[in-house]
Amino acid sequence: MYKRSKDSAYGKTSWREQMEDVEWAVRHTREVFKQGDVPVFLYGQSMGGGLALALATRPSAPPAQEAVGLLSGVIASSPLVTQTKPASKVARWIGGRASMFSPNMNIPAEINPEHLSRDPEVGKATLKDPLIKQIGSIRGISDMLDGGEQLLAKDYERWPPGLPLLVVHGTEDQVTSPRASEEFFNKVPAEDKTYIPFEGAYHEVHNEIQNTREQLVEACISWVERHLEQKPVESML
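Just so we're aligned: the sequence shown equals residues 1 to 237 in the UniProt record's numbering.
Treat the hints with care, as some may be off.
Stated by the list, open to error - Straight-line C-alpha distance at most 30 angstroms; calculated DSBU-like pairs for lysine-lysine:
1. Lys133 to Lys12
2. Lys231 to Lys193
3. Lys128 to Lys85
4. Lys124 to Lys85
5. Lys89 to Lys12
6. Lys154 to Lys89
7. Lys231 to Lys85
8. Lys89 to Lys34
9. Lys12 to Lys124
10. Lys34 to Lys193
11. Lys187 to Lys133
12. Lys154 to Lys231
13. Lys34 to Lys231
14. Lys128 to Lys12
15. Lys193 to Lys154
As the list claims (entries may be wrong) - Here are the in silico distance ranges between beta carbons for each label pair:
16. Thr29 to Pro108: 26 to 36 angstroms
17. Glu31 to Ala153: 28 to 38 angstroms
18. Asp192 to Phe101: 20 to 30 angstroms
19. Gly96 to Pro59: 16 to 26 angstroms
20. Pro189 to Arg226: 17 to 27 angstroms
By construction, these hints were calculated from the structure, which means they are not laboratory data.
Beta carbons: idealized from backbone N, C-alpha and C, even for Gly.
Model the full assembly from the supplied sequences, consistent with the hints where possible.
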């Protein structure tokens, strides 16, 4: 029988731990579907979108390069490269220092639910969901913000040219910056890359008003279908 630990681990994480988790998921998926030679695509939203972009650009493990080589494409939805309204440099500096001494201390990490979608029911559902908490560990938040900035500053250079990329972002996202996503997209040396802006959409395009969310799903499905014959990066190295 599984039981929740006395001291909840909610939010206690780091980029290294998250990279290890994503690497495990990629390897596990490849193992499960190895006999059918099914292509593996990595999809991430918001912080997960930032992790999806970062996975392919790490200078050292995790992940191992062979894990990145198992992918046939990456989809990043509203990725956290930078915040739309970044925290002050002073607050970031204090947070960075604090993460060295109390990395697992949880602090408020609030997002206005009205900024998630133009559909008001999405915000209401978020507030009622007991599994969504507006907190995060100092180290987890610091790593998340620093990692996004590094993507834009230099890490984009390590993107495997043969790994296809799709980036989607709402133009009115008040949480993660669509401008930063587009800048990363323009810089990244992927030979096959697509950027799709969703006019007027907020942060969670998949939870947007009708038509918009359907357009997102259709765009992602169409992109994946076009890349079903894409060989994993490992076969091109």
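Quick rundown of the hints versus the structure:
Straight-line distance between C-alpha atoms of Lys133 and Lys12 comes to about 12 angstroms, which keeps the hinted pair within the 30 angstroms bound. Of the supplied pair hints, the one linking Lys231 and Lys193 holds, its CA atoms being roughly 15 angstroms apart against a limit of 30 angstroms. Proximity of Lys128 to Lys85 is assessed by CA-CA distance (about 26 angstroms); at most 30 angstroms being required, the pair is judged to hold. For a cut-off of 30 angstroms, the pair hint linking Lys124 to Lys85 stands: about 23 angstroms separates their Cα positions.
Taking the CA atoms of Lys89 and Lys12, the gap is near 23 angstroms; set against the 30 angstroms cutoff, the hint holds. Taken as a hint, the Lys154 and Lys89 pair is honoured in the structure, with Cα atoms around 20 angstroms apart against an allowance of 30 angstroms. Straight-line distance between C-alpha atoms of Lys231 and Lys85 comes to about 39 angstroms, which puts the hinted pair past the 30 angstroms bound. For the given pair, Lys89 sits about 47 angstroms from Lys34 by alpha-carbon distance, which is inconsistent with the 30 angstroms threshold.
Pair hint Lys12 plus Lys124 holds up; C-alpha atoms about 26 angstroms apart against a cutoff of 30 angstroms. Pair hint Lys34 plus Lys193 holds up; C-alpha atoms about 26 angstroms apart against a cutoff of 30 angstroms. Our distance criterion of 30 angstroms between C-alpha atoms is broken by Lys187 and Lys133, whose separation comes to about 34 angstroms. For the proposed pair Lys154 and Lys231, the alpha carbon gap of about 27 angstroms is at most 30 angstroms, so the pair holds.
In summary, the hint linking Lys34 to Lys231 is supported, as the alpha carbons are separated by about 13 angstroms, within the 30 angstroms threshold. Taken as a hint, the Lys128 and Lys12 pair is honoured in the structure, with Cα atoms around 22 angstroms apart against an allowance of 30 angstroms. For the hint linking Lys193 to Lys154, the alpha-carbon distance of about 18 angstroms falls within 30 angstroms, and the restraint holds. Thr29 and Pro108 have their C-beta atoms about 34 angstroms apart, which keeps the hinted 26 to 36 angstroms range intact.
Between Glu31 and Ala153 the C-beta distance comes to about 35 angstroms, which sits within the given range of 28 to 38 angstroms. A hinted range of 20 to 30 angstroms is violated for the C-beta pair Asp192 and Phe101, which are about 44 angstroms apart. Taking the beta carbon of each, Gly96 and Pro59 are about 20 angstroms apart, inside 16 to 26 angstroms as hinted. In this structure the supplied range 17 to 27 angstroms holds for Pro189 paired with Arg226, their Cβ-Cβ distance being about 20 angstroms.
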